[in-house]
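Build out the structure end to end from the sequences listed, making use of the hints.
Chain residues, written in single-letter form:
2 protein chains.
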Amino acid sequence: MLAEFLLANVRPNGSAPKDVLIRNGLIAEISGHQPDRDDAETVVVDGGGLLMLPGFVDAHTHLDKNLLGMPWYRSNAGSDIVELIENGRKLRRALGINAERQSGEQIELSVVNGTTNIRTHVDIDTECGLSSLEGVMAARSRYRRIVDIEIVAFPQSGLLIRQGTLELMNQAMREGADVVGGLDPSEIDRDPKGHLDTIFGMAERYGKPVDIHLHEPGSLGAFAVELIIERTNALSMAGQVTISHAFCLGMLDQRSVARLGEGLAKAGVHLMTKGGASGAAPPVMELTDMGVNLCSGSGGVRDTFSPFGNADMLDRAAIVAQRNDFRREEDIGLALSLCTYGGARMMGIPSYGIDVGCSATFVLVPGETAAEAVASGPRRRGVYRRGVLVAKDGAILSA
Amino acid sequence: MLAEFLLANVRPNGSAPKDVLIRNGLIAEISGHQPDRDDAETVVVDGGGLLMLPGFVDAHTHLDKNLLGMPWYRSNAGSDIVELIENGRKLRRALGINAERQSGEQIELSVVNGTTNIRTHVDIDTECGLSSLEGVMAARSRYRRIVDIEIVAFPQSGLLIRQGTLELMNQAMREGADVVGGLDPSEIDRDPKGHLDTIFGMAERYGKPVDIHLHEPGSLGAFAVELIIERTNALSMAGQVTISHAFCLGMLDQRSVARLGEGLAKAGVHLMTKGGASGAAPPVMELTDMGVNLCSGSGGVRDTFSPFGNADMLDRAAIVAQRNDFRREEDIGLALSLCTYGGARMMGIPSYGIDVGCSATFVLVPGETAAEAVASGPRRRGVYRRGVLVAKDGAILSA
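Going down the list, the sequences are from chains A and B.
Reading the first sequence from the start, the letters are residues 202 to 600 in our numbering.
Reading the second sequence from the start, the letters are residues 202 to 600 in our numbering.
In short, the hints are calculated from the structure, not lab data.
There could be a bad hint or two in this list.
[Unchecked claim] Derived list of chain A stretches under chain B, where covered just means 3 residues or more per stretch with a C-beta under 8 Å from a C-beta of chain B: (1) 268 to 278; (2) 473 to 479; (3) 498 to 510; (4) 564 to 577.
Don't be surprised by glycine CBs; every beta carbon is placed ideally from N, CA and C.
Rendered as structure tokens:
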């Protein structure tokens, strides 16, 4: 690593051209671009007028179960969530999905696409035990020089409904999982109070955040949101709780959304939305205006649940924008902010952003503005992490 | 052009490897792949086991108003359709959007992406007169060796509501437009009967098909669908009428959709859906099951209406699939068929498909099955039109 260099002629978040001095992996100075700078003591890297965006944050994915690099899987499973879960568990064995290997596949793809921070949900169940967790932890360790990974212990097949899972979840937290995961407290576990009390109890015991997959529709989903808000308030866990998907917020009348949005904002509960097109999705603009922090993620990437997904958060911003009918410059910027600052706030990433004192963790892409980069999805990308160029134009440079 | 060659080792629509003999621009024979074929008289082109799909059909776009290759346009316009139309007309002048030049930009992008047939809607209004039509016609002529283009005379700013437009529409039809276009008969023209009678009257007079943009919601849109079915039946225009978008079919109860779907199928009215995520969209599976022919298109590509879009019909198939929550192999195949066979049926493309006697117009892409190609969107593509390789891996080879 160069202890100090000047990245000349880059445009942070679409600004006028700047020169950015990077020292010991941090942004030390930002000044107007001087084309004829003559400073023999500083190494100068030409930024070529590229757009400079903070490192992308994939706030929700499943590193352990993608099929990247494996033979094409011809799916014949339906769309029902329980059917997809059963199918996924069965195929993990049948296809020989190795969590460590597959995590590596997706991490490399994510990093070349500009992702520098990932929160991944890892299956904990009575069939795989902690083997997926161990695989993802091994991959995390292997790739620690190019990406930061946070692991959610995720009871994908149900928590209370499957005897033995709770013990495994506790073990997972003791062995190093960073976040307690939950899932559809009514539809899967059939006991919303029991499920959420258990999860929040674990969060308290281990001093860890909570992240709950909530696919439940309409007022059933709304009820779960209420229960989550109540527990977040009771345990003073502001900023430590995330609801992932929350499809229900795209199904309710405006008044109910306003009521829940206000509750989420006050309680400091984050929302993660993929902006998926196949069903309802939380309205990003309205919830942002209410003060809710939203983030986004890849979700499953080419797995047995769905063959789509490319672990590209710039594409994800385009998906979120289009799902929310964003066409204006600043609205598309809002969609991108879910994939950058929103995710950073959710995960509490220290020194995040493009300001003096921040970590020199950023992506260089062609584009006049952030919105152009989102709309174009350029393949040419330079990815810096803590002052080191870790990927360029599709290739990992240092791992 | 080679009068005859053997394209060896390709997999038509994902089949086992075949050898395809191409003679005078047509598919003359398809046989099982023989690796050690020894036939000194035939030129053999190695297909490398690639997937062979019929040429993509972009059944709905607007070649005249994209901003490809122009400076990034920072939009501040809202999502209201009337506001977008006004904004688009104003900016056509202000930005100096040249229909011929911009058509060329998009045609080249479309062709490298594998599109071999395009239906484009061209603005006819009292400000631009026929200049956009003339520009698109000039581009069509320039690119006639690599793509087939059908032109819809499209009263984007309203037909009856803007005096002088009807005369221009008639002139456009006389000067060579192929299809009579219409637009939101109630919401824009304020006279559903008057608008549709006028358009169908023109279709009768010029012996041309009709293609109507229908953004109208719920029962207002349903009423327009009924009026279109009635006129199609009365004028015996089965197969000659297309409704584009038809968002209303994604907003109605199942019974109303079934009633309208049956009417559309019986009348032989085609439906074009982009599968857009920002609002309602016709349910592809249900309508297909009712016997309705559906096709798809790029719609606007990076224009003043929306900065998104890449004129890639393989991406479009992925969008349609995800919008309709398709995950199964055959369902994703259905989404792709809107971008191939469905569009070909709609436009009445002769000799379309990968069968003996068909035009040798196809795309070679990596992928085990069509669904894998849709989910992966590989950039490596070889595009053949009537036996000639017109584009390869992102570059136009002959124009």
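Verification of the hints:
{"no.": "1", "hint": "268 to 278", "verdict": "holds (count 6)"}
{"no.": "2", "hint": "473 to 479", "verdict": "holds (count 4)"}
{"no.": "3", "hint": "498 to 510", "verdict": "holds (count 5)"}
{"no.": "4", "hint": "564 to 577", "verdict": "holds (count 6)"}
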